[in-house]
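Residue numbers (the working numbering), protein chains in the order written: chain Y, 1 to 268; chain S, 1 to 268.
To be clear, the hints were calculated from the coordinates, so they are not data collected in a lab.
You may find that some hints are simply not true.
[Unchecked claim] Stretches of chain Y that chain S covers, calculated by requiring three or more beta carbons in the stretch to come under 8 angstroms of a beta carbon on chain S:
1) 157-163
2) 191-201
[Stated by the list, open to error] Per the computed footprint, the stretches of chain S lying under chain Y, defined by three or more beta-carbons under 8 angstroms from a beta-carbon of chain Y, are:
3) 84-95
4) 120-132
5) 145-157
Even glycine gets a Cβ: it sits at the ideal position worked out from N, Cα and C.
There are 2 protein chains.
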Amino acid sequence: MRRIALVIEYDGTNYVGWQVQPNGISVQETIGGAFYKLIGERPVLHASGRTDSGVHAMAQVAHFDTECGVPADKFCYALNTRLPSDIRIKASLETPPDWHARFDVREKHYIYRINNAPHASAFTRNTALHMHYPLDEQRLQAAAKLFLGEHDFNAFKSVGSKAQTTVRTVFESEWVRRGDELIYHVAGSGFLYNMVRIMVGTMIRIGQGFEEPETVSRALSGAERSLAGDTAPAHGLTLRRVKYDLFDTEKLLFGSEAAKDPAFIPFI
Amino acid sequence: MRRIALVIEYDGTNYVGWQVQPNGISVQETIGGAFYKLIGERPVLHASGRTDSGVHAMAQVAHFDTECGVPADKFCYALNTRLPSDIRIKASLETPPDWHARFDVREKHYIYRINNAPHASAFTRNTALHMHYPLDEQRLQAAAKLFLGEHDFNAFKSVGSKAQTTVRTVFESEWVRRGDELIYHVAGSGFLYNMVRIMVGTMIRIGQGFEEPETVSRALSGAERSLAGDTAPAHGLTLRRVKYDLFDTEKLLFGSEAAKDPAFIPFI
Numbered sequence: 001m002r003r004i005a006l007v008i009e010y011d012g013t014n015y016v017g018w019q020v021q022p023n024g025i026s027v028q029e030t031i032g033g034a035f036y037k038l039i040g041e042r043p044v045l046h047a048s049g050r051t052d053s054g055v056h057a058m059a060q061v062a063h064f065d066t067e068c069g070v071p072a073d074k075f076c077y078a079l080n081t082r083l084p085s086d087i088r089i090k091a092s093l094e095t096p097p098d099w100h101a102r103f104d105v106r107e108k109h110y111i112y113r114i115n116n117a118p119h120a121s122a123f124t125r126n127t128a129l130h131m132h133y134p135l136d137e138q139r140l141q142a143a144a145k146l147f148l149g150e151h152d153f154n155a156f157k158s159v160g161s162k163a164q165t166t167v168r169t170v171f172e173s174e175w176v177r178r179g180d181e182l183i184y185h186v187a188g189s190g191f192l193y194n195m196v197r198i199m200v201g202t203m204i205r206i207g208q209g210f211e212e213p214e215t216v217s218r219a220l221s222g223a224e225r226s227l228a229g230d231t232a233p234a235h236g237l238t239l240r241r242v243k244y245d246l247f248d249t250e251k252l253l254f255g256s257e258a259a260k261d262p263a264f265i266p267f268i
Numbered sequence: 001m002r003r004i005a006l007v008i009e010y011d012g013t014n015y016v017g018w019q020v021q022p023n024g025i026s027v028q029e030t031i032g033g034a035f036y037k038l039i040g041e042r043p044v045l046h047a048s049g050r051t052d053s054g055v056h057a058m059a060q061v062a063h064f065d066t067e068c069g070v071p072a073d074k075f076c077y078a079l080n081t082r083l084p085s086d087i088r089i090k091a092s093l094e095t096p097p098d099w100h101a102r103f104d105v106r107e108k109h110y111i112y113r114i115n116n117a118p119h120a121s122a123f124t125r126n127t128a129l130h131m132h133y134p135l136d137e138q139r140l141q142a143a144a145k146l147f148l149g150e151h152d153f154n155a156f157k158s159v160g161s162k163a164q165t166t167v168r169t170v171f172e173s174e175w176v177r178r179g180d181e182l183i184y185h186v187a188g189s190g191f192l193y194n195m196v197r198i199m200v201g202t203m204i205r206i207g208q209g210f211e212e213p214e215t216v217s218r219a220l221s222g223a224e225r226s227l228a229g230d231t232a233p234a235h236g237l238t239l240r241r242v243k244y245d246l247f248d249t250e251k252l253l254f255g256s257e258a259a260k261d262p263a264f265i266p267f268i
C-alpha cells in the first residue's frame with residue numbers, strides 16, 4: 001500500500017465545494033469518479049481542509065492510499081484525462097505512509113480578490129468580488145496588520161465551526177494592488193470555518209469608512225461574532241498554497257522565486 | 001439623433017462570435033437584446049470588426065445611433081444591468097455623427113495566450129491555448145520580428161476572407177513570458193480573416209522546431225497559404241485594444257501607463 005499526495009487546482013464555480021454534499025457535485029467526488037474510471041476503485045481522499053461552494057484552489061492538497069501500480073508522479077497525467085477541465089491535478093507524489101494532508105499542515109495561504117472597478121469584469125466574474133464603491137487602501141492595510149500574530153479568532157468563525165480551539169496564528173496579512181484589483185493575501189497556521197471571508201467582510205466595512213481599523217482589535221479581544229463584519233462572498237476566495245515539512249505546493253509548482261511574491265498569481 | 005460608441009469586454013466562450021449567426025447566440029444580438037429591454041428598440045451595432053466563435057475581447061468597440069435621451073456615459077451602466085455577466089460594457093461615449101467604429105480604426109492590438117505548462121489550467125482553460133510541448137522562445141521571437149512592417153499577408157488569411165487587398169502593416173509583434181504563459185502581442189493597421197491565428201499557428205511550428213523562422217519571410221513573399229501553418233485555436237485569442245484618432249480604448253479604460261506595457265493584461 002502506498003500513500004500518494006495530489007496537488008489540485010480547481011475553479012470552484014460549478015461545485016458545492018470540496019466535500020461531498022447532498023445538494024450538488026463536489027470536487028472530492030468528481031476526483032473520486034476519475035479514480036474509478038482509472039483504476040476501478042474509489043480511494044478515500046483526505047484534503048488539507050474543506051473549501052466552500054464557489055471557493056477556488058490553486059493548490060489544494062489531498063492524499064489517498066492505493067495498491068495501484070501507477071508510478072506516483074504519473075497519477076496527475078492519468079487523472080487529468082478523466083477529469084472535467086475545471087479541475088486539474090498539477091502534481092502527484094508518494095509520501096511516507098503516516099504523512100497526512102490535513103494533520104501535517106504547517107501553513108496555509110489564501111487570497112481574496114476584489115475587483116474595485118466601476119464595472120464588473122467578464123473575465124474575473126467568477127474569481128473576484130466586484131465592488132464599485134471606493135475602498136480606502138490605507139484603511140484596508142491598517143486593518144490587515146492588526147490580524148498579524150496569535151489571536152482568539154472566535155469572532156471570525158461561522159456558527160458551523162466545530163474547531164476545539166479558536167486561537168490561530170496569522171503570519172502574513174496584506175493587501176496588494178494589481179490594476180483594478182485589490183488582492184488580500186493571508187497566511188496562517190490554520191483557519192476556522194469562514195474565517196478568511198469574515199476577516200475580509202470586516203475589512204471591507206473598514207475600507208468603505210463605516211468602521212475604524214481598530215474594530216479588528218476589538219473583535220479579536222472581545223471574541224464576539226457580532227463585533228466582526230459580514231461574511232464576504234465565496235467566489236472571491238482562492239486557496240493559494242499549502243506548506244508542509246515534506247513539501248510546499250508553491251515551490252513544487254512554480255519554483256522558489258514565485259513563492260516570495262505575495263502578489264504572484266500564476267493564472268491570468 | 002446621436003451616435004454612441006461602446007467599449008465592450010466579453011468572454012467569448014459561450015458565443016458564436018461577434019456577429020449574428022444562424023447556429024447560436026452572438027455577442028452582437030445579446031447586446032441588441034439588452035438594448036431592447038432598455039429602450040424598446042434594437043439599434044444596429046457596427047463593430048470595429050468581427051471576432052470569431054470563442055475569441056474574447058478586452059476592448060471591442062461598436063457604435064449605434066439613437067434618439068434615446070439616456071446620457072452617453074450612462075449607457076454602460078444601464079446596459080450592464082441587462083446583460084449576462086460574460087459581456088460587460090466598460091465605457092460609453094458620444095461621438096461625432098460621421099465617426100465610424102470600423103472605418104475609422106487606426107490600429108488594433110490582439111494577444112494570443114499559450115499556457116506552456118505540463119498541465120492545463122482550470123482557470124485559463126477558456127482564454128489560453130494549453131501546449132505541454134516545449135516551445136523555444138528565441139525561435140518564437142525571431143519569427144515574430146519578421147512580421148513587422150508592411151507585407152502582403154495573403155498566405156495568412158482564411159479562404160473566407162473577402163478583403164480587397166491583403167497588404168497590411170504590423171507595428172508591434174513580440175512574445176512576452178508571464179509565468180507559465182507565452183503571450184503573443186501584435187498591433188497592426190488591420191487584420192485579415194483569421195490572420196493572427198494563422199500567424200500564431202505558423203510560429204508554433206517554428207517554436208517546436210518543425211520549421212525555421214525564415215518560413216515567415218518565405219510565406220510573406222510567396223504569399224501562398226500553403227507556406228504558412230495551421231490556424232491556432234480561437235480561444236487563445238483576445239482583441240485587446242482599438243485605437244482611433246478620437247480615442248484609444250486602453251487609455252480610456254486603464255490610463256496611459258498601462259498602454260505602454262505589451263504584457264499588461266488587466267484581468268487575471
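### Query
For the stretch 157-163 of chain Y, do at least 3 residues have a Cβ located nearer than 8 angstroms to some Cβ of chain S?
Since 0 is below three, the answer is violated.
| message | Three residues or more, CB to CB closer than 8 angstroms: is that satisfied between the stretch 145-157 of chain S and chain Y? | response | Not satisfied, violated; 0 residues make the cut.
*Taking a Cβ-to-Cβ distance below 8 angstroms as contact, does the stretch 120-132 of chain S have at least three residues touching chain Y?*
Three-residue rule met by the stretch 120-132 of chain S, so holds; n is 7.
Are there three or more residues in the stretch 84-95 of chain S whose C-beta lies closer than 8 angstroms to some C-beta of chain Y? holds (count 6)
message: Tell me whether the statement that chain S covers the stretch 191-201 of chain Y is true, taking a Cβ distance below 8 angstroms and needing three residues at minimum.
response: Check failed, 0 qualifying residues.
In the structure shown, a violation is registered for the earlier hints numbered 1, 2, 5, in ascending order.
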